[in-house]
Amino acid sequence: MGEGPNGFAKLVLLLWPIVSLIALSRTRNPVRTATSVFFAGFLLLPEQTFWKIPGLPEFGKNSIVPLWVLLGLVSFHRPRLRGRFRLDAFSSLVLATILACGTITGASNGDALRWGATLLPGITAYDGFQMALGDVFVFFVPFYLARVLYRTREDLNELFRGLVKAALWVSPIALFEMRMSPQLHNWFYGFIPIDSWDQVVRAGGYRPLGFTRHGLAFVLYFFAATLAAIALRRERKPNGRRVVGLWVAPFLAMITFAFGSLGAALYTMVGIALLLFVPARLQLVVALVAGLFVLSFPYQRWHDTFPTEKFVENARAQADEERAQSLEFRFLNEEMLLERVKMRPIVGWGEFGRANVYDTFSGRRITVRDGAWIIQFGDRGLLGLVWMFGMLVLPLIASVFAAARARKEHRRSIAALAVLLAIGAIDLLPNGAFHPLAFTFAGAMLGQLAALGARVKVPVRVRRARRSAALVPA
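First residue of the sequence shown: 1312, per our numbering; consecutive thereafter.
Honestly, I wouldn't trust all of these hints.
Here are the computed lysine-lysine pairs in the BS3-like style, where the Cα-Cα straight-line distance is at most 30 Å [said to hold, decoys possible]:
#, residue 1, residue 2
1, Lys1548, Lys1476
2, Lys1548, Lys1719
3, Lys1476, Lys1653
4, Lys1363, Lys1321
5, Lys1621, Lys1653
6, Lys1321, Lys1548
If you are wondering where the hints come from, they were derived from the structure by calculation, not from laboratory data. Note that the coordinates shown come from a computational prediction; the quantities given were computed from them, not determined experimentally.
Construct the complete structure from the given sequences, taking the supplied hints into account.
Now the structure itself:
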């Protein structure tokens, strides 16, 4: 909504790499500073604002923020983080699969598509490779960056502290927009990054956006910070004071519930119950079950075995008619989109809206894509689903077995991270990938596994993948 980004939005995005490099060049604690710069960028920079470099994908904040944090670490802290930048077998395989997936998808979708007056162009292998590079910057770099940063229990606590501090800093923004409506992005950057004002009106109030793509992305930072504050409840500073005050988690939980998001409220209640009342080993088992559910969900939807009608009925009984209709609308759209995907299940349809369904006569688009899983499946096919959810769930599965060799305090931290990762992965089923949290948690989990001497096993040798990864700058 609005006319698009103003000059200030473009300028802020252009100057952010300089801010990142200056901050990282002057710090003696690269993990803490990198974490702060990372979350500050995602929570303060403008959405849907891009700089275009010839031969490369568009650069927005989703790619600029993690890339320049990584480059700052490589430039100024490589000796201190010695050994952390080397790609392991699992990361190499993920990177190679992303690049191969995009290229194959592009090469397989050269045909133009027409529905009535709507003509969608075909794409080439070069277009597919550009799409893959975008995926590397937006998804793989945050994953790899977190693997570099969070190797020890102390590092993991820095991630939790960074989440808490970031949420506290932007809490006035959330509280202001709940009362006054989401206008800050418009005031600072010239537009509101939503499709319809209906997305922000909830229960007689407003769902804040801050400087994020969607209120459902903004609220997840508060959910994650609430659980992070609980995970830090036993931690003490050298002077004996608590790292996080006892008031912080209730305050952040209150803001989370005030967003009016049923999903975020459920995530928060389940997460709080797990971290406070369930032993760490059982938390890991619950997270494992959740991860396996995420992997099985596309299969269930493909074969129409997922009980969609029961979910709609429960939403109608437990929530209200509006939420039930919203859920039913999502399921109906997924069914139409799945029929479209079944025409090209392995490689998908590529970009430019080719995976959508259109009216045959008018050419009007008749589907809405909400969940990241169906967007990924439609655009990149089964190959895309494998790399996206594989990089999230396989480290989660490995953590259940690796945490047994960790000390009790470290195991509790890993279990809290596993809960965050599992819920972050689940959220990608109904909602889009508007934020980097799930991929950051997955990379952090891989870093913890590396510290414990564990590996995510891959079924094939990855020498070729490593050679391909070596072509990408670290």
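Structure-based check of each hint:
| no. | hint | result |
| --- | --- | --- |
| 1 | Lys1548 x Lys1476 | 16 Å, holds |
| 2 | Lys1548 x Lys1719 | 19 Å, holds |
| 3 | Lys1476 x Lys1653 | 45 Å, violated |
| 4 | Lys1363 x Lys1321 | 11 Å, holds |
| 5 | Lys1621 x Lys1653 | 25 Å, holds |
| 6 | Lys1321 x Lys1548 | 40 Å, violated |
In this structure, the hints that do not hold are numbers 3 and 6, in rising order.
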